[in-house]
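Number of protein chains: 2
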Amino acid sequence: MNINYFMPTRVVLGADCIFSNRAFLGGLGKKALIVSGKNSARANGSLADTVKALEANGQSSFLYDRVMSNPTVDCAYEAADAISREGCDFIIALGGGSPMDAAKVAALLALNRVEKPALFGAAFTTALPIAAVPTTAGTGSEVTPYAILTNDVARTKTSIGTPAIFPRYAFLDARYTLGLSPAITINTAIDALSHAVEGMLSVKASAITNALARESISVIAGCFGALGEGRAPDIGIRERLLYGSMTAGMVIAHTGTTAVHPMGYTLTYNHNIDHGRANGLIFAEFLKIIEKKEKDGSRRIPAILSALGMKSLDEFTAVLDRLLGKKERFETAVLEGYAAQAAKAKNIANCVIRLEEEDLLEIFKRSIG
Amino acid sequence: MNINYFMPTRVVLGADCIFSNRAFLGGLGKKALIVSGKNSARANGSLADTVKALEANGQSSFLYDRVMSNPTVDCAYEAADAISREGCDFIIALGGGSPMDAAKVAALLALNRVEKPALFGAAFTTALPIAAVPTTAGTGSEVTPYAILTNDVARTKTSIGTPAIFPRYAFLDARYTLGLSPAITINTAIDALSHAVEGMLSVKASAITNALARESISVIAGCFGALGEGRAPDIGIRERLLYGSMTAGMVIAHTGTTAVHPMGYTLTYNHNIDHGRANGLIFAEFLKIIEKKEKDGSRRIPAILSALGMKSLDEFTAVLDRLLGKKERFETAVLEGYAAQAAKAKNIANCVIRLEEEDLLEIFKRSIG
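Chains as they are written, first to last, in this note's numbering: chain G, 1 to 369; chain P, 1001 to 1369.
Hints may contain errors.
Stated by the list, open to error - Okay, derived cross-link-like pairs now, DSBU-like style, lysine-lysine, Cα gap no bigger than 35 Å in a straight line: (1) P/1204 to G/31; (2) G/311 to P/1288; (3) P/1031 to G/204; (4) P/1326 to P/1311; (5) G/292 to P/1311; (6) G/293 to G/157; (7) G/311 to P/1295; (8) G/204 to P/1326; (9) G/52 to P/1204; (10) P/1311 to G/311; (11) G/204 to P/1052.
FYI, nobody ran anything at the bench for these hints, they're computed from the structure.
Could you put together the complete structure from these sequences and hints?
So this is what it looks like as structure tokens:
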């Protein structure tokens, strides 16, 4: 047994948790840069709650609300410029993965002068303190040391990882997710589920990350019935999804992802298929190939099925199919290109079962061929 | 759902984990105060491994090896004096709960001038950094913000709690526990199990502490067969017990304990019965009374039984009876005094089921009457 476990983020979950725990924010500094997308933080109430908590603390803030989906390097630098121009000394990120990840990089740039071309190669050890308020239940970025930005030079998304960008606080208030559409709710739930499941299949998995992954899988799978009804789920389900997504984030903070994510990225990059949906499209066939190749007696797939509360991967396939609806289909020649592209990702080597390019192609063909 | 989860200690587990992770120690300071009991750290190899790691880092150290069982306030002050006299800037604790708890208080005293009579009432926010090396698998102190000292004035044991004394690092190398006798191994395992189970019955339990508690219970109960054989367990079992004890520590770091601990303290205080054994003596009957009173449909006892892998509390009783051997017995009049004493403990109110003094007496009488 080997463990190297580190999860320094304080996680607070519950209705009105930002305001009731505003004393935590009070310790972070004098003036916050609030980082968000253009609209959602206003619409879901997280911005108003944050400003109210800061005002009650006597803290001031400046709003940087220009984070787009799949944020760019320029965006992170722009946020960092706002920090120095406005004299902010801590950061509060409101949103899905995009604002949280842009905020993390801005937190690094505020304390470290790095030119843009050197960003992805730089080694960082310090950052401004960050509080994260997830407003989707998918990314888990509120408890990870990673930030993922669009890398225009390499024409892909690239991850920056350092313990310095673990948020100090994660405030999880499921009311901010109530307005998410059924489709976004399903896609983000599948994304979170793929984090937990891939985490159990990572070479970096340990007993404690597996325990958290089983918890996450069990909680998220317990919401599938409600998600399959096509209606927006109630606050109880929303809260469980947010909790499941956070625990999955604690898993990938240690394990990283494996093959589903780089495979899904090719679909997102080339066809703009939503990240969670892209993962969902190939998820079950990925597990089937792992099941076929798992010869070491470690029984990981049975452990995953047990956490899912399911008897077989065929059952899992049927559940996902119901949630995803009509699937996209692609020609083999196209999928060959994506398999080749995904095979180059370093995450692939992170999987306990060695997957070759031909395995990835097989997964693609069976899923969306 | 409400969560307030904070676990800032980095946990490293594995053979030779101190030396292989000596870079972590390297960041803590220039000179360590090593805190231990008189003999065990020398005998189990933890002292030699620690000194070797420090020397490889170019760090110096001073050994304070005068911590006794159930350490006193004087002992913690003596260790703090050694810190200032020797110019130490961080602390490494080697041992069971006693050296770890004494080290934690010394870490507070090194940065805060507090007279002895004011110690238990003082509010602390700063401490020297601590690395903890547990050499028993019971206390979980390596991942808690608590230190428990003998309070000679109040004639009991009193806890000091502040996030400042969360160890920065916990190094878990099960080789240091190989020399523990079968009886000590059983007693400490039961202590750890009672942390996890009491944590699930605490009013402060949350989804994530329950997930960690189920993991701990499942892992420790999985070792009961080996423990019942009367032989010293092998390294594989030792490692699982150490992991189970650590995860139980993560639970009580959030939940505290409930009724078993204060009831057990009366037996330890009055009859010098080992702490883990004292808990074990009353553990099953405590759960039976909870089962009887649990009317809110929360099904906590079934969840605990499921984690234990057992069908009923009678089965749990039988397993504990086998591990504990012949039980101590006491007159009702004596037990009435202990019930009255335990009923005053604040932990009692921490239990999800309200237990009156008569309930505690009932538990005592059925267990050891």
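Verification of the supplied hints:
Distance restraint check for residue 1204 of chain P and residue 31 of chain G: the Cα-Cα separation of roughly 33 Å lies within the 35 Å cut-off, and the hinted pair is therefore satisfied. Restraint check: the Cα-Cα separation between residue 311 of chain G and residue 1288 of chain P comes to about 33 Å, which is no more than 35 Å; the hinted pair holds. With a C-alpha separation of about 33 Å, the suggested pairing of residue 1031 of chain P with residue 204 of chain G holds against the 35 Å cut-off. A C-alpha spacing of about 24 Å is found between residue 1326 of chain P and residue 1311 of chain P, which places the hinted pair at or below 35 Å, so the restraint holds.
Of the pairs offered as hints, the one joining residue 292 of chain G and residue 1311 of chain P holds, with about 34 Å between alpha carbons and a cut-off of 35 Å not exceeded. Restraint check for residue 293 of chain G and residue 157 of chain G: the C-alpha separation of about 29 Å stays at or below 35 Å, so the hint holds. Distance hint between residue 311 of chain G and residue 1295 of chain P is fulfilled; the C-alpha atoms sit about 32 Å from each other, no more than 35 Å. Note on residue 204 of chain G and residue 1326 of chain P: the hinted pairing is violated, with a Cα-Cα distance of about 45 Å set against a maximum of 35 Å.
A hinted pair counts as satisfied when its Cα atoms are at most 35 Å apart, and residue 52 of chain G with residue 1204 of chain P qualifies at roughly 27 Å. With a CA separation close to 22 Å, the supplied pair residue 1311 of chain P and residue 311 of chain G stays within the 35 Å bound. The suggested pairing of residue 204 of chain G with residue 1052 of chain P holds, with an alpha-carbon distance near 27 Å, which does not exceed 35 Å.
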